[in-house]
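A.B. asks: Below are the chains, spelled out letter by letter.
Protein chains: 2
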Amino acid sequence: MISKNELKFIKSLHKKSERDEFKLFVAEGTKLVTDLIKSGGSINQLLVTKKWVIEHPEVLIDLNLSPLEISESEMERITGLSSPSPILAVFHQPNLAHDIAQNNDSILLLDDIRDPGNLGTIIRTADWFGIKQIICSPNTVDCYNSKVIQSTMGSIMRVKISYQSLPEFILANKSNYTFYGTFMNGNSINNLKFVPKSAFIIGNEAHGISPEVEMLTDQRIAIPGNQLNDGVAGPESLNAAIATSVVLYDWFSKK
Amino acid sequence: MISKNELKFIKSLHKKSERDEFKLFVAEGTKLVTDLIKSGGSINQLLVTKKWVIEHPEVLIDLNLSPLEISESEMERITGLSSPSPILAVFHQPNLAHDIAQNNDSILLLDDIRDPGNLGTIIRTADWFGIKQIICSPNTVDCYNSKVIQSTMGSIMRVKISYQSLPEFILANKSNYTFYGTFMNGNSINNLKFVPKSAFIIGNEAHGISPEVEMLTDQRIAIPGNQLNDGVAGPESLNAAIATSVVLYDWFSKK
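Note that the protein sequences, when read in sequence, are chains C and G. Everything in the first sequence is counted per the numbering used here, starting at 919 for the first residue and increasing by one. Everything in the second sequence is counted per the numbering used here, starting at 919 for the first residue and increasing by one.
Errors might be hidden in some of the hints.
As the list makes no split between identical chains, a pair holds if one copy fits it or if it spans any two.
[Said to hold, decoys possible] Okay, derived cross-link-like pairs now, SDA-like style, lysine to any residue, Cα gap no bigger than 20 Å in a straight line:
(1) 1078 with 1145
(2) 1050 with 958
(3) 1172 with 1106
(4) 969 with 1173
(5) 1173 with 1110
(6) 1115 with 973
(7) 949 with 1102
(8) 1050 with 1154
(9) 949 with 1154
(10) 1115 with 1144
(11) 1065 with 1154
(12) 1173 with 927
(13) 1050 with 1145
(14) 956 with 1011
(15) 933 with 1034
(16) 926 with 1010
(17) 968 with 1011
(18) 1173 with 1068
(19) 941 with 997
(20) 968 with 1113
(21) 1173 with 1106
Keep in mind that the hints were calculated from the coordinates and are not lab data.
Make a model of the complete structure from these sequences and hints.
C.D. replies: Here it is as structure tokens:
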């Protein structure tokens, strides 16, 4: 049995202020919850419907889980999805990294990424290419937002994410990293060799990199496209997550 | 003045069956609507609020538009967005291409892409890298779905998109193209040279490329990632739009 207050508390975790206070976040769906557990996620509470237990006996045994069974109508009250999943887990937030990586790793800086799907996809892609640390500007969407979590597919457990002023971060780390800003005009990444400690900056979906951050970049980089070749009008820009993936792939493939 | 029946008709265009019948689609927002017009989109009806007209006199003059003014409550009744935009346009669908490109262009095949945001982003990215034709399997989400349109940013007017059986298309075009299928295991794209007429196949978000299509691919290709390098568990896969962008960038940068 679950109390009304417990249900209310879980529902409240869809708000950033509550997630921040209790250092928890919510994930829904069999694949996502099991991915998070396998990636080292620490469960605070696991709620499932009776139907789910009957259909997934192997998951409980595999992962040694003892969930609380709730009704489908209770699940409907706490879900953040338009159609509720039969499994919802509350996880402890992994510790946010306020210190930067000490070794030779390259990093990613996000300047006001606002779309949760974009942030989730960026975290997943960064993880794929071996980026271990992401520095987000304070106005970047919360990485524990449930839509972000749904698109990270477990990577939220492997990539360290911190929120801090990008200009301050850059000034404090000028000697450690070369800061590459992605712009519509800049050196084509195709012709570039990146330094071992690279920091890639990705700008906001609509406005790009902010002027304060732009001033502090070491190199302007750009993604080549067809409109540069044949002069025909084409798209003005790439989606922020797409731009990130192309830059990270290019960097990764030249390592 | 707009009649109730006209409002009802526009609202009905959020359904695929109605869009198919009348060969129309809906786009909302100043930037998207102006992008579509500048990209050659042919307007069937343009609806704006009084407030929008006052705030955007230059857009009407620039593009030589004569919109119909409707009230905000009328706009609320026809919008497909959670918060309505003050401008909504009904466009004629560009002619679907049933014939394939006759020249040396490379193409993209999509095997059951289901997420509208993914399809829109794929179309925008394909346009960026100069892909002029996309062949979608019949179960791929409708490219005139308003969520697809919102994420294409005008590219829907420049890229020809057709829906047809991928196995049939591949069998009929075996001699024209080399078909590269993206898989979790395959030749790393980093080491590959692509032929001039390449056809890249991207699979469904959850299940990848279907067995019938897999059987017909000429080469299995894969995107290298960090988990191949250091043996640490990482993400199992990349988002479908991200995988597309990495493959197309790699191909484009080697042309």
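A.B. asks: Regarding residue 969 and residue 1173, is the shortest C-alpha distance of 20 Å or less found within a copy, between copies, in both, or in neither?
C.D. replies: So residue 969 and residue 1173 fail the 20 Å test inside a copy (48 Å) and across (53 Å) alike.
A.B. asks: For residue 1173 vs residue 1068, is the C-alpha pair at or below 20 Å within one copy, between two copies, both, or neither?
C.D. replies: Neither way: residue 1173 and residue 1068 sit 30 Å apart in one copy and 36 Å across, limit 20 Å.
A.B. asks: If the cut is 20 Å between Cα atoms, do residue 1050 and residue 1145 qualify within a copy, between copies, both or neither?
C.D. replies: between (33 Å within a copy, 12 Å between copies)
A.B. asks: At most 20 Å between alpha carbons: which applies to residue 933 and residue 1034, within, between, both or neither?
C.D. replies: The answer is within: 14 Å in one copy meets 20 Å, while 26 Å across copies does not.
A.B. asks: Measure nothing new, just compare the shortest in-copy and cross-copy C-alpha distances for residue 926 and residue 1010 to 20 Å and report within, between, both or neither.
C.D. replies: within (18 Å within a copy, 48 Å between copies)
A.B. asks: Quick one: residue 968 to residue 1113, C-alpha cut-off 20 Å, is that within a copy, between copies, both, or neither?
C.D. replies: Answer is neither: 54 Å inside a copy and 54 Å across each miss the 20 Å cutoff.
A.B. asks: Measure nothing new, just compare the shortest in-copy and cross-copy C-alpha distances for residue 1115 and residue 973 to 20 Å and report within, between, both or neither.
C.D. replies: The answer is neither: 48 Å in one copy and 47 Å across copies each exceed 20 Å.
A.B. asks: Could you place residue 1065 and residue 1154 in one of the four classes (within, between, both, neither) given a Cα distance threshold of 20 Å?
C.D. replies: Answer is between: at 19 Å across copies they meet the 20 Å cutoff, but 27 Å inside does not.
A.B. asks: State whether the alpha carbon distance between residue 941 and residue 997 is at most 20 Å within one copy, between copies, both, or neither.
C.D. replies: Within. Shortest intra-copy distance 19 Å satisfies the 20 Å Cα cut-off; inter-copy 37 Å does not.
A.B. asks: When no copy is specified for residue 1172 and residue 1106, does a C-alpha distance of 20 Å or less occur within a copy, between copies, both, or neither?
C.D. replies: both (14 Å within a copy, 13 Å between copies)
A.B. asks: With identical chains, the pair residue 1173 and residue 927 could be close in the same copy or across copies; at 20 Å between alpha carbons, which is it: within, between, both, or neither?
C.D. replies: Answer is neither: 47 Å inside a copy and 55 Å across each miss the 20 Å cutoff.
A.B. asks: How would you label the pair residue 1173, residue 1106 (within, between, both, or neither) given a Cα cut-off of 20 Å?
C.D. replies: both (17 Å within a copy, 14 Å between copies)
Hint compliance for this structure: hints 4, 6, 12, 17, 18 and 20 are not met, and every other hint is.
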